[in-house]
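Go ahead and model the full structure; you've got the sequences and the hints to work with.
Residue numbers (this note's numbering), protein chains in the order written: chain H, 2 to 336; chain C, 495 to 810; chain L, -4 to 321.
One or more hints might be untrue.
Simulated crosslink set (BS3-like; lysine-lysine; CA at most 27 Å straight-line) [what the hints assert, rightly or not]:
hint	chain 1	residue 1	chain 2	residue 2
1	L	K161	C	K640
2	C	K767	H	K55
3	L	K223	H	K330
4	H	K330	L	K77
5	C	K754	L	K161
6	H	K198	C	K754
Hints were generated in silico from the structure; no laboratory data involved.
Here the structure is a predicted model, which means the values were calculated and not measured.
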Amino acid sequence: MTNLVQKQKMNKYIVLLASVCLLIIGMILHVAVGSSAVSFTEVMKAIFAPDDSKQTTIVQTLRLPRAVLAALIGASLAAAGALMQAITRNSLASPQVFGVNAGASLAIVIAFILFPDLTSQSTVYIAFLGAALGGMTVYLFASGGKTTHVKLALAGMAVHLFLSSLTQGVIVLNEQATDVLYWLVGSINGKDWTHVKILLPWSFLGLLLAFGSSRSISILVLGENMATGLGEKVKWIRFFAGILVIMLAGASVAVAGPIGFVGLIVPHIARKLVGGDYQRILPFSALLGAILLVYADILSRFIAYPFESPVGIVTALIGAPFFLYLARKGRNIKQ
Amino acid sequence: MKQVKKFRLASIAAIVSILFVLAGCGSTQNSSKENSDNSQKVSVQHELGKTKVPKNPKKVVVLELSFVDALQGLGMKPVGIADDNKKDMIEKLVGGKINYTSVGTRQQPNLEVISSLQPDLIIADVQRHKAIYKELNKIAPTIELKSRESTYEENIDSFKTIAKAVGKEKKAEQRLNEHEETISKLKNELKEESGQTVLPAVVRDTSFQAHTSSSYDGEFLEKLGLKNAVKNKEAYAEMNLEQLSDINPDILILANNEGKLVTDEWKTNPLWKNLKAVKNDKVFVVDRDLWTRFRGVISAEAIGKDTVKLLNNKQQ
Amino acid sequence: MKRKHSYQMLSILFLCLIITIVISLGVGAVYISPGEIFQQIIGSSPGSSFILTNYRIPRTLIAIVVGAALAVAGAILQGILKNPLASPDVIGVTKGAGLFAVFILIVCPTASMLLLPLSAFLGAAAIAVILMVFSYSQGAKPHTLALVGVALGAICQAGIQYFMIKFPDDVNTTLLWLTGSLWGRGWSELWMLIPCVALVPFIIIFASKLDILNLGDEIAVGLGERTKYVRYTLLSMAVILTGLSVAVVGSIGFIGLIAPHIGRRLVGSRSKFLLPVSAAVGALFLLIADSLGRGVMPPVEIPAGIVTAVIGAPYFLYLLRREQKK
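This is the structure:
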């Protein structure tokens, strides 16, 4: 019996180690791949023994921040997704399905139209507002009785459609054609350290708080009866987790637009690999999310060569079929 | 109850059939208006075929800015322009206030307004308005030319076609000769700069779109003796800072969009500061409408004069 | 009592429709007074006849037919899926039509103008077929249909965005088409909608079957209905209606979602009344949206798809409050 438990623990550690390695490899690859040629040795030199050469500048000022950003956003979105799935006890929940992404995006687009000189810092707060409104709308729609998969999927899709058609409409009427897709789909192209600086505090705070409170989050998924028994506390945990979601997802959208499917898929994979305990799922989702987005961003440079695609399209092209797979399974996945 | 139901069904049917009758009457009606002599027509070849255009049309409706420029060069003023609701942009183009009716956006011009103007000729952009060619022809003889996707040479050809359509071929020849003279004069004034690489680009808040040697402005600048930094069959190329720093043009010409610009962030990057153009203070901001939207004989000359002014100022 | 009320409702709606038609015919960059319209009917005034017959009349008729078609499709879907939030937009049918159309728009821009509507229709049909195949094994339960539909919609959306990235020069045209608008639609487009009108008797017949389905699968089977096939037939009808509509005007959203709701509030859930009332409401909705789009700031036209989204918003939120109160 103990052997089995020990074996399981070993497995989990192996998985953890493998993931960390994958992430590091991914980030190095990410930095190495780009529009101008920078060889692998030059990349290593730039990171560990920087000099004044052009290659180093490229790596340090353009590539590295983008890789770091990909990892951070991936981690934040995945954690946000895991949190949402816990709050709603619905395996289809995610910032995108819940209109959180779309809400944040719409708020930002409208803000830019009304106040074109908005600083990047203030964009984050506007994103929070939009994210909160979007999320609440879907939540109110999908709750009331059992939050079944179907209710949630339909509510989320309806709100998402509504918000993105408004976003689309606003942008089309303002003739900013090429930038539309960016705000509808999410992209990390051309981001640098300023963006990392904006995102970092929120991501860091959000992730830290999420990991710290993972015990309480586990309570949420214990099931209806247990949770009601603990009454008051559950409401507050839900609320707190909701704030974290808005923080994590909102900040990500403010910096990179509404990247979808990461929050949906990653918690599922995490669950398959490390089991149902939220104290493990939360940090592991973050790790997996980082990996997913880093590799997706690498892919995004190739799928429409020679154009760079927004990473949101890659996550959509991978994630949507996965969503279909989840939909066919169709039953409420109890933790 | 059944009787009531029948009555309602009958009345609904009646209303619907009245509407269809109206429809029937309408569609057989001949709608083209002959504003000039039937016998006097000029056959004009354009991108979508041949159209018989009445001789010396008086009222012309144009659906793109380059056509406004062309008519201006021939001494004509259109009665209707698709101006995206920006009257001041048109004033900038023709250099003063003119009397015309706005027919809406270039993307979706308002057919009702166009028809209410009862034009003799409609000039449309083959890329944007191919789908409504038939509809436009019902209103008035229509020719469709390349505007949005035209190169400099194609634009000159369009100018000649328009001249044929409005019966001012002699004037066109004269104007084009003046144009050639102006260009050689400008080329002369730029003699010291000739051979340098230039990169014109449109800058937005998330993209930097370079105009290559196949673009309108790119091609025109080459005529003035300035080499384009990007030789490509495609007119436009999206670029990031890495690629820009690889290309490293001598002169950078930026047509900026309103609002936030991606270059605002680039300016803090050492890669930008190390660009030849930045170090030699040869980065110029120009008017986006003039450089990328107008296009035409007159606008090209204005672009040329602009370039000379910017570059020669730097010499002093 | 309820019946009489329903008939009254229908007649009121038709009256509204007539009034709106007259207004819609008059509104636009060139204002045509009702008096002139009347003169047109009795055949005397030649003045504004060009605009009326070439633009306003066909456009008004298209708005009515498409509005009604989308509303009925929405009502059918909400019935089959037993969920008030179902509609062709949400179930991925509209997106599928959009995907095929975008593909043609971008990849063969020189194709004949007939190809575009055809591909839109094929797209809608393709999604429907996939939907049916995927849910066949589970008896086409509403549950599965809904979820699979949403997922398919997401896939199509991803595909559309991918195409727009790969061919950036056509993004603006594509987006404009996708937003849905009646600009430039005339008689040739109206003829394409004839099958919608032809479907009407079938829909009326199947309406009663929809009610039986809503009693629950066991009862329905007990009454002799083969639930799976009835659902499939109704789904096909909804798809034809949607496919043709998208083919003609692009993807105009929210009519299929909101019109049946309003209909239900007016006359309850009996399909015999719900369907025609929803149709009338849908027609009114689109007609008003298009008129607003044309008349608000001429000569610029706001695409009807944007107007429906903007009008739909407050109503959507209102729906939300109601759901919350339950």
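Taking the hints in turn, this is what the structure says about them:
1. Note on L:K161 and C:K640: the hinted pairing holds, with a Cα-Cα distance of about 23 Å set against a maximum of 27 Å.
2. A threshold of 27 Å between alpha carbons decides the hint, and for C:K767 with H:K55 the separation of about 12 Å falls inside it, so the pair holds.
3. Only pairs whose Cα atoms come within 27 Å are accepted, and L:K223 paired with H:K330 is accepted, the gap being roughly 19 Å.
4. Distance hint between H:K330 and L:K77 is fulfilled; the C-alpha atoms sit about 20 Å from each other, no more than 27 Å.
5. Between C:K754 and L:K161 the alpha-carbon distance is near 25 Å, which keeps this suggested pair within the 27 Å criterion.
6. Of the supplied pair hints, the one linking H:K198 and C:K754 holds, its CA atoms being roughly 19 Å apart against a limit of 27 Å.
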